[in-house]
Amino acid sequence: MLHTVSRTLAAALVATVFAAQPAAAADKLKIGFITTLSGPAGIIGKHMKDSVELALEHLHGKVGGLDTQVIFGDDQFKPDVGLQVADKMVKDDKVQFVAGIIWSNIMLAVAPSVTEQGVFMIGTNAGPHQLAGSQCNRMFFTTSWQNDDTPAAMGEYMQKKGVNDVYLMAPNYAAGKDMLAGFKRDFNGRIADEVYTKLGQQDYQAEISQLRAKNPKAVFVFLPGGMGINFIRQYDQAGLHGKIPLYSSFTVDQTTLPALGDSAVGLWSTGYWSSELDNAANRKYISDFRKKYGYTPSFYGAQSYDGIMLIDGAIRAVKGNLQDKEGLIKAMESVPYKSTRGHYTYNVNHFPIENFYLLRAEKGPHGIVMKVEDTIFKNHKDAYYEECKMK
Amino acid sequence: MNLQLVLEQVLNGAQLGVTLFLMAAGLTLIFGIMNLVNLAHGSFYMVGAYLAVTFYHWTGSLVLGVLLALPATMLVGVVIEVIALRTLYQRDHLDQVLATFGLILFFNELIAIVWGRVGLYTNLPDWLSGTVQFGEAFGYPLYRLVIIAVGVGVAAALWYLVARTRLGMLVRAGASNRTMVAALGVNIRLLYTLVFGFGAALAGLAGAMAAPIYSVQPGMGDPVLIQAFVVIAIGGIGSIRGALAGALIVGMVDTLGRAFLKPALATLISPPAAQSAGPALASMLIYLLMAAVLALRPEGLFPARGH
Numbered sequence: 001m002l003h004t005v006s007r008t009l010a011a012a013l014v015a016t017v018f019a020a021q022p023a024a025a026a027d028k029l030k031i032g033f034i035t036t037l038s039g040p041a042g043i044i045g046k047h048m049k050d051s052v053e054l055a056l057e058h059l060h061g062k063v064g065g066l067d068t069q070v071i072f073g074d075d076q077f078k079p080d081v082g083l084q085v086a087d088k089m090v091k092d093d094k095v096q097f098v099a100g101i102i103w104s105n106i107m108l109a110v111a112p113s114v115t116e117q118g119v120f121m122i123g124t125n126a127g128p129h130q131l132a133g134s135q136c137n138r139m140f141f142t143t144s145w146q147n148d149d150t151p152a153a154m155g156e157y158m159q160k161k162g163v164n165d166v167y168l169m170a171p172n173y174a175a176g177k178d179m180l181a182g183f184k185r186d187f188n189g190r191i192a193d194e195v196y197t198k199l200g201q202q203d204y205q206a207e208i209s210q211l212r213a214k215n216p217k218a219v220f221v222f223l224p225g226g227m228g229i230n231f232i233r234q235y236d237q238a239g240l241h242g243k244i245p246l247y248s249s250f251t252v253d254q255t256t257l258p259a260l261g262d263s264a265v266g267l268w269s270t271g272y273w274s275s276e277l278d279n280a281a282n283r284k285y286i287s288d289f290r291k292k293y294g295y296t297p298s299f300y301g302a303q304s305y306d307g308i309m310l311i312d313g314a315i316r317a318v319k320g321n322l323q324d325k326e327g328l329i330k331a332m333e334s335v336p337y338k339s340t341r342g343h344y345t346y347n348v349n350h351f352p353i354e355n356f357y358l359l360r361a362e363k364g365p366h367g368i369v370m371k372v373e374d375t376i377f378k379n380h381k382d383a384y385y386e387e388c389k390m391k
Numbered sequence: 001m002n003l004q005l006v007l008e009q010v011l012n013g014a015q016l017g018v019t020l021f022l023m024a025a026g027l028t029l030i031f032g033i034m035n036l037v038n039l040a041h042g043s044f045y046m047v048g049a050y051l052a053v054t055f056y057h058w059t060g061s062l063v064l065g066v067l068l069a070l071p072a073t074m075l076v077g078v079v080i081e082v083i084a085l086r087t088l089y090q091r092d093h094l095d096q097v098l099a100t101f102g103l104i105l106f107f108n109e110l111i112a113i114v115w116g117r118v119g120l121y122t123n124l125p126d127w128l129s130g131t132v133q134f135g136e137a138f139g140y141p142l143y144r145l146v147i148i149a150v151g152v153g154v155a156a157a158l159w160y161l162v163a164r165t166r167l168g169m170l171v172r173a174g175a176s177n178r179t180m181v182a183a184l185g186v187n188i189r190l191l192y193t194l195v196f197g198f199g200a201a202l203a204g205l206a207g208a209m210a211a212p213i214y215s216v217q218p219g220m221g222d223p224v225l226i227q228a229f230v231v232i233a234i235g236g237i238g239s240i241r242g243a244l245a246g247a248l249i250v251g252m253v254d255t256l257g258r259a260f261l262k263p264a265l266a267t268l269i270s271p272p273a274a275q276s277a278g279p280a281l282a283s284m285l286i287y288l289l290m291a292a293v294l295a296l297r298p299e300g301l302f303p304a305r306g307h
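First to last, the protein sequences are chains E and R. Quick note on the numbering used here: the first sequence kicks off at 1 and runs consecutively. Quick note on the numbering used here: the second sequence kicks off at 1 and runs consecutively.
So that you can see chain E by itself, here it is in the shape it has in the complex (with noise of 0.2 Å):
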C-alpha cells in the first residue's frame, strides 16, 4: 500500500518537474493536427492528413526553416474528445500550433480553449458563425470560409437565374439548419418545401417520393459525406436525374465523387476551390497529390495544405522567432503564401475575403471533377465579421 503511494507521489513529482520546464526551445516547431481518422468521416480525415504531409515534403520537414514535428490526433467525430486532444497536444506536447478541424461543434469547443492558453489555433475546415463574429479571436485564423457563404452563393446564383420553386433539404443539425438560412439569405424565390432528415440516414425514397409528388422545379440539399452519396444513387434510381435539377452543397466533392460515379455528372455545386482552378501552386499540389496518393484531393485538402503553408510564410516573415506572437498574427494577416485558392485576404475577423465558385462535375481524364462553371462572389466577406470586435 504504502509502496504505491510512494510511487504515485514520484509519478506526480516527476510530472510536475517535467511541466515547470519551459515552453519548448524556439528553434524546434510543434504543429498539433486535429481531424476525424476513424469511422465513416474518416475520410475526410484522410484527404487532409494525406496534404498536410504533402505540405511538409514540399517544404522539406521545415516549416518556416525550422525543424517541425507535427503530432496529428484523432477527434473521433466527437467535441468531448477533440477538447481531451487539444488540450494534451497543448500541455504535454507544447505546440505552438493547432491546426485542421471538420466539424463546427468540435471547432467550437476546441478554439477558445486553444486560443486561450496562447496557442494559436489555424481552422482547415468548419467555420461556425460564432467564431466569424461575437467569439473572434486574434490568435484564431482560417484557411477555409464561414459556413453559410457557400449554400448562400448557391442562393444568388439560382435567385439570378430565376429558378423558382426550390425544395431545400438538409440533416436535422445545427449546421443542416445553418446551411439553409445560409441558402435563403440571397434567395427571395418561392421555397416548394424544406425537410430536415434525420443526421446520418441511409434511405430517402420515403422524401423522394414526397419530392416529387410537390413537382418542384429544382431541389437544394447540404447532405455531406454518406449521406449525399444514398440520396444522389437514389434520385439517380427513381429517373429524377435530369427530370428535376439538382443542386447542393458540400455533398459533391473528391469524398463523395468515387462512390457516386456516374450519378454525380452534370451535378451543381458552389465552392471557393476546385481541383480545376488554374494558378501556379494549386497546380503543384494537384499534381504532386494525386503522383503519391493516386487519387484527387477535395477541398477538405487544399485548406489543410493551405493552412501548413500559412504556419511556414508566417514563421519565415518573423525569421524563425516563435517568440514573437504580435509578429505571427502580422505576418498570418497579410497572407505570407501562395494559396491554392489564388489570391486571397483577411477581413479582420481572421476569415479570408475569397471568390466563391459555381462547379459542375464533368468527366475529365482523371476521373469525375468539379469544373468552374462561373464566379458568382468575388472578394466576398462573411455576415457576422462587424460583430467581431477583435482588440
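No lab work stands behind these hints, which were simulated from the structure alone. You may find that some hints are simply not true.
What follows is a set of in silico ranges between Cβ atoms, one per label pair, in the way DEER data are often shown [stated by the list, open to error]: (1) Ile-113(R) x Thr-375(E): 24 to 30 Å; (2) Tyr-287(R) x Ala-181(E): 24 to 30 Å; (3) Val-97(R) x Glu-387(E): 21 to 27 Å; (4) Lys-243(E) x Arg-91(R): 53 to 59 Å; (5) Glu-299(R) x Asn-188(E): 55 to 61 Å; (6) Asp-374(E) x Thr-59(R): 41 to 47 Å.
Non-contacting residues of chain R with respect to chain E, defined by C-beta distances greater than 10 Å in every case (computed) [unchecked claim]: (7) Asn-35; (8) Arg-86; (9) Arg-117; (10) Val-118; (11) Gly-153; (12) Ile-188.
We treat Cβ as the ideally placed atom computed from N, Cα and C, and that holds for glycine.
Model the placement of chain R on the given structure of chain E, informed by the hints.
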C-alpha cells in the same frame, strides 16, 4: 395527400420492413437461442455489402456477387462465433455488450484497412435499373420491388425451415428451453454455430442487397442495427414471427411518419411549429412505439412460446 402517394409510401415502408426483417431474424434467433446480445450483427450487414460489391466487380454479375457473398458472410460469422463468442455464452449481458461492441470497432477499422475509407461505387445492372410504372405519374424503382420480393421469399423459406424441418424444430426448442435440448443429447454447440452463421448470412443478404442503393462505407451497419433491436423488442425476442411483424410495423411507422407527420401536424398547429416538431417527432416514432409495446406487453407482440 393523394392515394397514389400513400400507396408509394406503403411500398417504401415494405421495402424498409423486409430489410429490417433480414437483420432482425438473425439477431432474434441468436438472442433467443444463445442468449447472446450481439451488437456486431450490423458488422455482418457491412461485410455482406462489401463482399457483394467485390464479388460483383470480379464476376460482372450482381446476382452472382450477392450469391457468393452469402456463404462468405456465413463463414465470417462462423469464424467469429468459434474464436470470439463461444466463451461469452455463460457471461452476463454486459460482458457480451462490451465484447461485441469491440467487434464493431474491429470490423469498421478492418474494412477501412482492406477496402479504404472512401465509399465503394456500384452501379445497378441495366436489367435491374429503371422504374416500374404504376398509373401515370408514379414510377417505382424496379430494384426496390426486387428487394421486397426477395425479402418476402426469404421470409417464406424461413417460416418453412423453422416450422416444418427437424433443424427448425431444434431451433424452436432451443429458443424455448436450452437446457432441455442439451439434456436430450442434441449437440447444442454445433446448433449454436449453425444458427449464428445463418444469422450472419441473413444480415449479409440485407447488406448485399443494400449495396447498390446505399453508400457502402465503414460503419454502414450501425444505424440498421439500432433499428433491428427496436424490431426484436417490439416483435418479441427469439420469435421469427415477431421479427417479421415487428420489422413491417417499424418499416411502415418510420416511413409513413417521415412522409406524413409534418403535413399532418401542420393542419393542427402552426406550420413553423410543425416544421420543427415534425422531423423531430418522426425520428422518435419507432422508439415511442417500442416504449409503448414494452409498457403494455413486455414480452413483445409475438413472444417465442414455451417460456
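Looking back at the numbered hints, which does the structure fail to meet, lowest number first?
-> Going through the list in order, the structure violates hints 1, 3, 9 and 10 and respects the others.
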